[in-house]
Amino acid sequence: MIQITNLHKSYKTGANSLHVLKGINFNVAEGELVSIMGSSGSGKSTLLNILGMLDEADEGSYVLDGVTIKNLSEKQGAKYRNKFLGFIFQSFNLISYKSALDNVALPLYYQGMARGERMDRAMAYLEKVGLAQWSDHLPNQLSGGQKQRVAIARALASDPKVLLADEPTGALDTKTSYEVMDLIQKINDEGRTILVVTHENDIAHMTKRIVNLKDGLIIEDTPVQQVRALENV
Amino acid sequence: MFDLERWDEIFETIRKNKLRTFLTGLSVASGIFILVILLGVGEGMKNGISREFEQDAANLIFVFPGVTSKEYRGLNPGRIIQLKNDDYNKILLKHADVLDATSAVYQLPSGEMVYGKETGSYRADGVFPAFQKLENISLVSGRFLNMNDLEENAKVVVIGNRIKLDLFKDEDAIGKYVKIQGVTFKVVGVFTDPGGEREESRFTVPITTAQTTYGGGGDIARMYLTIKQNDDFETAVADSQFFTSELESFLKERHTIAPDDNSALHINNTLENMMRFYTLINMIKLFFWGVGICTIIAGVVGVSNIMLIIVKERTREIGIRKALGAQPLSIIGMILHESIFVTAIAGFTGLILSLVLLEFVGPAIETPYIYNPSVNFAVAINTVIILVVAGAVAGFFPAWRAARIKPIIALRDE
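Protein sequences, first through last, are from chains G and A.
Be aware that the first sequence starts at 7, since it is given in the working numbering, and climbs by one per residue.
Be aware that the second sequence starts at 5, since it is given in the working numbering, and climbs by one per residue.
Hints are not guaranteed to be accurate.
Computed list of lysine to aspartate or glutamate pairs in DMTMM-like fashion (alpha-carbon distance at most 20 Å, straight line) [claimed, not checked]: (1) A:Lys410 x G:Glu80; (2) A:Lys410 x G:Glu62; (3) G:Lys104 x A:Glu317; (4) A:Lys410 x G:Asp61.
Facing chain G, from chain A, some residues (calculated, C-beta under 10 Å) [claimed, not checked]: (5) Thr17; (6) Asn21; (7) Ile324; (8) Arg325; (9) Gln331; (10) Leu333; (11) Ser334; (12) Ala407; (13) Lys410; (14) Leu415.
It is worth saying that the hints were derived from the structure and are not from the lab.
This structure is a prediction, so every number in the text was calculated from the model and none was measured.
For every residue, glycine included, the Cβ atom is placed at its ideal position computed from N, Cα and C.
Modelling step: build the complete structure from the supplied sequences, incorporating the hints.
This is the structure:
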């Protein structure tokens, strides 16, 4: 599903150039649940941003579902993001003045789906994350865990190839974190490819494979025995 | 523009951001409101002043001499110019085709009038019968002077209402005899003047009588001339100006006055004054336009300012939308569509409010110099359109920049 070869990225800050990614080689097959770990500054967020087409690499190749992602125009980038990717953020990033349902329906709006169909589909995904009865609530009327579940429903709405989660449990307490991870595991069980960036060990062990980054290089890439989140709630 | 989904999206945004929308709208609406009111008042001033002049309807040209201030053909400055009957008669002959009512005026050396035991001092003029029309005098009782009086050098006098009250009290003045500097005159009329008390403390006698009785010779103090009125205002002014300049050069030539000597001869052209008033009004209107345009510019700056704030405030939202697959154009479209919609609605609201105000309050305004303030509807509509377009252009750049922000940077924005 994802093939990355020799990925380099550096940021210029004034006169200094900060080499963040120093040659990453990394493949993800369909249906995998991978966690990317590393201390802050290891380059894990940068890697995720490149994977999410929110940022572009300086060097190396990135192939997503057979499509080479290189020198995308703004327009094309937007199209691919919508089609291939679903984002889950640490701070949820829901649009504050839109109801849960409208938030979930937003990617479908950008796909050009008609309103009725869009709302039905969004409702189905809200049901999937167990928030159907909260559909007309605004984000600030929801708890952190509920917000993240709305965000997950939104990420799923456009039926993307890959879900990218950037510290999805970073802003949640342990119990809520496990609930969210349980949801992510269930989605993965259905066969969807998911990448999770985290720095928490317990969260990482709830995935099937841990990729460890340090100073812009992968130092460890090992499959792990998945811990079911539900058992720990 | 006709994308229903987009409208949906915009109405939702507006509904959920009432204060922001209200403030944007307020700045636009007040800008338009102020502009239209200013334009209306400008038009009202023009109407008001036109009406003032219409009431008087005077195309009067008033000539009186002064003292020369320039040496000319060997004559020293400081010479007192004295107009003569001859001047007046020559002018009448020369311009018979254009002149309407005219009168030369001989001013009596003293205006002392005695009736019985009562004495008063007043302005006293020897005039032609046309003087009544020229000064807009109406008679309370009796008659005005006529040509017969002039031909016979009749010792008759028409007195102002003030004099009648001073000297005759409740008595009827007509047919009574008064003494003017010792010479007996018969009162034939009492007049009232729209000019009020001051204009009513004067009396008039036939100019011929005055000149012969009081030793004026052929002297006259001033001349009142009117020319035949042309219906078209511009032509009337042009005629009047042409006549005035003809008159000026004629009199200056006769009295050996330097052509550029402005203090030796005064010619006051009412129509020209009116024209000057119109010019002034146009200047005022121009000024109002200037103020109005500045208001609009302030409005546009206000709108773009608010747009900048909106974009700034929505940076994160824009980042989210882009991460979810919004294309740059749809971001620009969304922001512009909203701003154009809001400015248009607000602009028309301001327009309608100001038009309603002008429509209902305007006719009630009856001050001397403002009358029926109103505004050209097409001009007002155009201003709204200009404001909306300017607002959109001003809003475009922040929107464009926002659309180009990388989602990753926008998402980092807390």
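Here is how each hint holds up against the structure:
1. A:Lys410 x G:Glu80: The given pair, whose Cα atoms are some 9 Å apart, holds under the 20 Å limit.
2. A:Lys410 x G:Glu62: holds, 10 Å
3. G:Lys104 x A:Glu317: Measuring from Cα to Cα gives roughly 15 Å; hence the hint holds.
4. A:Lys410 x G:Asp61: holds, 8 Å
5. Thr17: holds, 7 Å
6. Asn21: With a minimum Cβ separation of about 7 Å from chain G (threshold 10 Å), the hint on asparagine 21 of chain A holds.
7. Ile324: holds, 5 Å
8. Arg325: holds, 7 Å
9. Gln331: holds, 4 Å
10. Leu333: holds, 8 Å
11. Ser334: holds, 7 Å
12. Ala407: holds, 8 Å
13. Lys410: Since the shortest Cβ distance to chain G is 7 Å, the answer is holds.
14. Leu415: holds, 6 Å
In summary, this structure violates none of the numbered hints.
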